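Undergrad: Each chain, letter by letter, is given below.
There are 2 protein chains.
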Amino acid sequence: MKKNVIVGQSGGPTAVINSSLYGVVCEALNREDSCGTVYGMINGIEGLLKGTVMDMEPLERSGELELIRTTPGAYLGSCRYRLPDDLEDEVYPRIFERFEEYHIGFFFYIGGNDSMDTVSKLSAYADKIDSEIRFIGIPKTIDNDLVLTDHTPGFGSAAKYVASTVREIALDASVYDSKKSVTIVEIMGRHAGWLTAASALARKFEGDNPVLIYLPETAFDPDKFIESVRSSLESVSNLVVCISEGIHDAEGTFICELEKNVETDTFGHKMLTGSGKYLENLVKEKLGVKVRSVELNVSQRCSSAMLSGTDLKEAAAAGAYGVKCALEGASTKMVAFTRLPDAPYRIDYELKDVHLICNQEKTVPLEWITKDGSDVSQDFIDYALPLIQGSVKVPEENGLPKFAYRKNC
Amino acid sequence: MKKNVIVGQSGGPTAVINSSLYGVVCEALNREDSCGTVYGMINGIEGLLKGTVMDMEPLERSGELELIRTTPGAYLGSCRYRLPDDLEDEVYPRIFERFEEYHIGFFFYIGGNDSMDTVSKLSAYADKIDSEIRFIGIPKTIDNDLVLTDHTPGFGSAAKYVASTVREIALDASVYDSKKSVTIVEIMGRHAGWLTAASALARKFEGDNPVLIYLPETAFDPDKFIESVRSSLESVSNLVVCISEGIHDAEGTFICELEKNVETDTFGHKMLTGSGKYLENLVKEKLGVKVRSVELNVSQRCSSAMLSGTDLKEAAAAGAYGVKCALEGASTKMVAFTRLPDAPYRIDYELKDVHLICNQEKTVPLEWITKDGSDVSQDFIDYALPLIQGSVKVPEENGLPKFAYRKNC
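Residue numbers (the working numbering), protein chains in the order written: chain E, 1 to 409; chain R, 1001 to 1409.
Hint data in this document are derived by calculation from the structure and do not stem from the laboratory. Nothing here was measured: the structure is a model prediction, and the numbers come from that model. Just so it is clear, CB atoms sit at the ideal spot from N, CA and C, and this is done for glycine as well. Among the hints, a few may not be true.
DSSO-like, lysine-lysine: derived pairs with alpha carbons at most 27 Å apart [said to hold, decoys possible]:
id: 1; chain 1: R; residue 1: K1407; chain 2: E; residue 2: K50
id: 2; chain 1: E; residue 1: K290; chain 2: R; residue 2: K1050
id: 3; chain 1: R; residue 1: K1003; chain 2: E; residue 2: K407
id: 4; chain 1: R; residue 1: K1313; chain 2: E; residue 2: K407
id: 5; chain 1: E; residue 1: K393; chain 2: R; residue 2: K1393
id: 6; chain 1: E; residue 1: K179; chain 2: R; residue 2: K1050
id: 7; chain 1: R; residue 1: K1402; chain 2: E; residue 2: K402
id: 8; chain 1: R; residue 1: K1407; chain 2: E; residue 2: K204
id: 9; chain 1: R; residue 1: K1371; chain 2: E; residue 2: K393
id: 10; chain 1: R; residue 1: K1204; chain 2: E; residue 2: K402
id: 11; chain 1: E; residue 1: K179; chain 2: E; residue 2: K224
id: 12; chain 1: E; residue 1: K290; chain 2: R; residue 2: K1371
id: 13; chain 1: E; residue 1: K313; chain 2: R; residue 2: K1393
id: 14; chain 1: E; residue 1: K371; chain 2: E; residue 2: K3
id: 15; chain 1: R; residue 1: K1313; chain 2: E; residue 2: K402
id: 16; chain 1: E; residue 1: K393; chain 2: R; residue 2: K1313
id: 17; chain 1: R; residue 1: K1402; chain 2: E; residue 2: K180
id: 18; chain 1: R; residue 1: K1402; chain 2: R; residue 2: K1204
id: 19; chain 1: R; residue 1: K1402; chain 2: E; residue 2: K407
id: 20; chain 1: R; residue 1: K1393; chain 2: E; residue 2: K402
id: 21; chain 1: R; residue 1: K1180; chain 2: E; residue 2: K402
id: 22; chain 1: E; residue 1: K180; chain 2: R; residue 2: K1050
id: 23; chain 1: R; residue 1: K1204; chain 2: E; residue 2: K179
id: 24; chain 1: E; residue 1: K180; chain 2: E; residue 2: K313
id: 25; chain 1: E; residue 1: K180; chain 2: R; residue 2: K1371
id: 26; chain 1: E; residue 1: K313; chain 2: R; residue 2: K1407
id: 27; chain 1: E; residue 1: K50; chain 2: R; residue 2: K1180
id: 28; chain 1: R; residue 1: K1393; chain 2: E; residue 2: K204
id: 29; chain 1: E; residue 1: K407; chain 2: R; residue 2: K1180
id: 30; chain 1: E; residue 1: K393; chain 2: R; residue 2: K1402
id: 31; chain 1: R; residue 1: K1402; chain 2: E; residue 2: K204
id: 32; chain 1: R; residue 1: K1290; chain 2: E; residue 2: K50
id: 33; chain 1: E; residue 1: K313; chain 2: E; residue 2: K224
A few chain E residues that face chain R, going by a derived Cβ cut-off under 10 Å, partial list only [claimed, not checked]:
id: 34; residue: S174
id: 35; residue: V175
id: 36; residue: L400
Just chain E, same shape as in the assembly:
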């Protein structure tokens, strides 16, 4: 009897995590010789434990699956559930009972680091009990911080969103006359600066904004920062500075934690302003120029307005490739991208050992960051530019993007 397939999504959403879901489901439905029912876990492994799964096939018949492909967020819902390190924990047999119940032969989990940890642990437990279920991770994260892969689905679209939005903010900042102004843009990424680095793509010509870019890979020195802002303002009246939310000083203290005077609000909560807000006040104090800070916020991971065609396509292909490999016998792997050395840009899809990926973090190479820590090199541009190519026309209805959603949520 044919084994069934189950797929889930986990961790923070991205603009293309549903494209990977589309890839997995389409490929599995197309391989009806080898695959039985294709199930989706609602809210990842948590949903599986509760027995909330759905049959994905009707979505293909209704055309909804095609709409899912360009819908941001996680169609199946997500979770942030971390499996216990101890494989003797009672949760493992409970999960595998569910697998038994649904007659699962193939398990696909779309996510980042923590999700690969789930794939790794389930694989290890399967080994332990001699289960034949195959476990494959499909990468996903706007942070681009997974090791053993050239890049991750989700990064290209987020990078395109960041670069185009910073380009627009720079235009917005430039409309007033010669009075000096500083705009600080705070970009997602606590430990890895890939997304902040992508702001460099916003430049229309050499010396264009954003003139200064700070990643969390190097220590941030507020005094040097002020000096850089001061000297940059000599040549650029309306300066745009991009910072990662995770910039920190040489001691490792996040810049957003340097604010000492403000302790608690009316309700007793610590008023943690972001790093951008802190630096806004610092610039105001030290240089006395007009300054504002802008936090790009969740749109970085959920905007469908700036989908990268390359990213969307690769996300779906990663899902399909995972299914293909699982059917050929692979397990305990994550789908990875290897960039071919010659131009034009092309990638090979490969499998990497998921045990080696989970709980690792790939940061921007230090040689791609300029010595003073205030910019990225051409190497980064060459790396990132192919990933934002191609635009996607999201279906529209009544003047707005049309999205798929589960009717009961």
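With chain E's structure known, arrange chain R on it following the hints.
TA: Only chain R this time, still in chain E's reference frame:
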């Protein structure tokens, strides 16, 4: 001898203010029988005073003008210069000397309330000195708060941006399981709630997010707000609330000013958190649920990703119509839109007395706001929906939107 044309932009930028510039310049260049040189003021009336103007014709020849049409921000640069009320002030003769110098016969100013004040005062001064220069205002503001016109160019695209972004944020908020959460989205608009109201367009079905919407047109009661959030969470697990930045209590105190404990930061600056941040803390304190606030920020006015085709077209047509009317002898007017009563949506372009427009403010009619002040009515939806129709393909280069910019800035 033919008189020359001068055009300027003023106030905050929008996504389509350059489309109006395109409209004015194209029409004026096409009417070479009546118009001489077409000048642009760099940074509005301030630039005119300094003598920084540019010849616009080369932009048409180079194709740059077509690119300007879909570029957000203000291509010519903007200013926030308010002319003195006293027409005896020495600035008036200085401005009219410039007009003389450039042999100006037609003056077009693209902007909002304050810009119409400039048009009004220059018109009044022209009357006073019997000048034959014709002054026409071209409306522009994302706030949609100009009187005597159905709506303003800039609003449709901003509304489309707000609605689609809120729709995406609602998807993002819904990915985690049944744990209750609240997302508060803060939207531009100090006194007029048009843009915040546009978030209602984000709903995909009845009862969908954003469930609660608060405009500055009515008094905001924090206690009632908490009660509404509490009861909404009974039916919607992941609640999205949209608020205008300008919501205020019955005494007129802005909600963002209610925070009392936090006085100053390390540098002695008052730490004014936004209204969203204040309400985030209030919800955390009173209801103990997961809560975050998101400020949509400047992308509302400068994103080219969500241009409304209708808005872009009307913005250009408003500029062209202004030129046509000025050539026919009109002055002291603003171009206005009148919506024809029958479906489908159509507008007539008209002229209204600019003296009656400046320094007025059109807010959302109270009958379009629900009694408890937490939603807008179908009347608003019917009003706004036609304004966000049609999508625009912005030219792309190297994976990013290609924008026009003055090479010296």
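Undergrad: In ascending order, which of the hints set out earlier in this document are inconsistent with the structure?
TA: 1, 3, 4, 9, 12, 14, 18, 19, 23, 24, 25, 26 and 33
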